[in-house]
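Visitor: Chain by chain, the residues:
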Amino acid sequence: MAIISTAGLARTFRTKRGPVEAVRGIDLTVREGEILGFLGPNGAGKTTTLRMLTTLLAPTGGAATVAGHDLAADPAGVRRACGYVAQSGGVDPQITVREELVTQGRLYRLTKGRAAERAEELARDLDLTELLDRKCAALSGGQRRRLDIAMALTHGPEVLFLDEPTTGLDPGSRADLWDLVRRLRDEHGTTVFLTTHYLDEADALADRLVVVDRGVVVAEGTPSALKLEYGGSIDASLQDTFLAITGRSASPADAAPLAV
Amino acid sequence: MLLHDTALIYGRYLRQSLRSRFALLFGVLMPLLYLLFFGPLLTGLPLGGQGSSWQLLVPGLLLQLGLFGASFAGFTIILEKSQGVVERMRVTPVSRLALLLGRVLREATVFVFQAVLLVLAALVMGLRAPLAGVLIGFAFVALLTVSLAALSYALAMRMDTPQSFGPAINALTMPSMLLSGLMLPMTLGPTWLDVLSHLMPFRYLVDAVRDAYVGAYATAHMLYGVLVAVGLAVLAVTVGTRVFRTAGA
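These protein sequence lines map, in sequence, to chains A and B. For the first sequence, position 135 matches number 135 in full-length UniProt numbering, and the numbering has no gaps at all. For the second sequence, position 137 matches number 137 in full-length UniProt numbering, and the numbering has no gaps at all.
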């Protein structure tokens, strides 16, 4: 069953130098409980699509439903159903982990007592208990990411959107984060929609890939199906497959971590 | 829900202000310096109007405090945008209006607190004014800071860097201060300057507070002051709400 479906979803930005079509018409469906990898070169429209699906940005064309809620007609319903972790994260470095988690619970309209409980639960679940009374500024990159995800899970969302969740993390933290994403899906049935530049990540984590380029979907399928179709063989590297699809590399060569 | 959310956002940002106590006190420094080093220059001068020179200067300094302080409020949201805090809140069901109101009410609280400090210092310097008038002055400071902070936040939501925001605010606040007669009454100047200053909304506010400080409450100045202050606040919060509702910033 589709938990996310979009039809011709588009966003044009008006700028001084004329209109910029960041997203030109995205058609995709995401099945319930799926981990979907959303790939594309820089500027392909990944973040813009994510921001539209999370109600942060109004589409200029097309339509979408997320967890049964129409994006345009019922943004509040979409917000209740989904969690979002932006590339930059979203915590105030001067505030303690506990205060951020409790405030987040209160923003989702939990009572004071319930919000405090929920903060403890999330901390236990994401291995943050020892850090609850530290300032966010004192966390390592991997700990920060876990906090960002904990914040997004406050209300037990059906869909979790992650924008480049492992960028800047060391290999150990990346592996931990992959495990966390898999665990979320396996234990809670959460659908995960993630963008990434790292093809090894897409290969290891995603059930299915959607590749976008210049604002439209250019390929989709399981990693092996894409390798077979575009790379010529199931043993082709996803890097070569991606190059064959978009004519460009997924990320600058030096940005791809070698170890996992 | 609006009340719940506004209280929540207000609490978050008030705690932020309380954490930086130094900044909280530092904000009052500029008007305090005017009070200490500029105020005594006026005591013997013929300024027109009723009351002492302090009853004329302190209302101007109160509004100067609000003008310079609240106009720069948007800086904090530019920082929060880059930290991702703004978007993180905007994907929750929290009321968009509360995201603005909670912040704006924090500014009003901070500046009324600073205004109290300033008036206490002025009392030591020699200000004597009726209590009701002083309280009315605080109400004007609150309204002015609500208006300016709402506009400042709205502008900051549309700007990406502090490098562009700072000069824009400076370009707006300096002429506003000079043309509103915050330091000296505009009636002292040539007619063209007096006329020009009537195009500045703050002119009406400072005239009203000066009346209040000499115990004149039922005057035309007071009426215009209240109308302009309330009108400005309604306009600013409306503009701010529109930006906070739609902003894809």
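These are calculated hints, taken from the structure and not from any lab test. Keep in mind that the hints are not guaranteed to be accurate.
Restricting the straight-line Cα-Cα distance to at most 27 Å, the calculated cross-link-like pairs of lysine-lysine (DSSO-like) are [to be verified]: (1) Lys81(B) with Lys135(A); (2) Lys135(A) with Lys112(A); (3) Lys16(A) with Lys81(B).
Label-pair distances were calculated between CB atoms; the ranges are [said to hold, decoys possible]: (4) Ala7(B) with Phe13(A): 29 to 37 Å; (5) Asp170(A) with Gly231(B): 28 to 36 Å; (6) Ala7(B) with Ala73(A): 40 to 48 Å; (7) Lys112(A) with Pro46(B): 32 to 40 Å.
These numbers come from a predicted model, not from an experiment. Beta carbons are placed, not taken as given, at the ideal position from N, Cα and C, and that holds for glycine.
Visitor: All hints, please: hold or fail.
Guide: Each hint, compared with the structure:
no. : hint                                 : verdict
1   : Lys81(B) with Lys135(A)              : 19 Å, holds
2   : Lys135(A) with Lys112(A)             : 21 Å, holds
3   : Lys16(A) with Lys81(B)               : 22 Å, holds
4   : Ala7(B) with Phe13(A): 29 to 37 Å    : 35 Å, holds
5   : Asp170(A) with Gly231(B): 28 to 36 Å : 56 Å, violated
6   : Ala7(B) with Ala73(A): 40 to 48 Å    : 29 Å, violated
7   : Lys112(A) with Pro46(B): 32 to 40 Å  : 60 Å, violated
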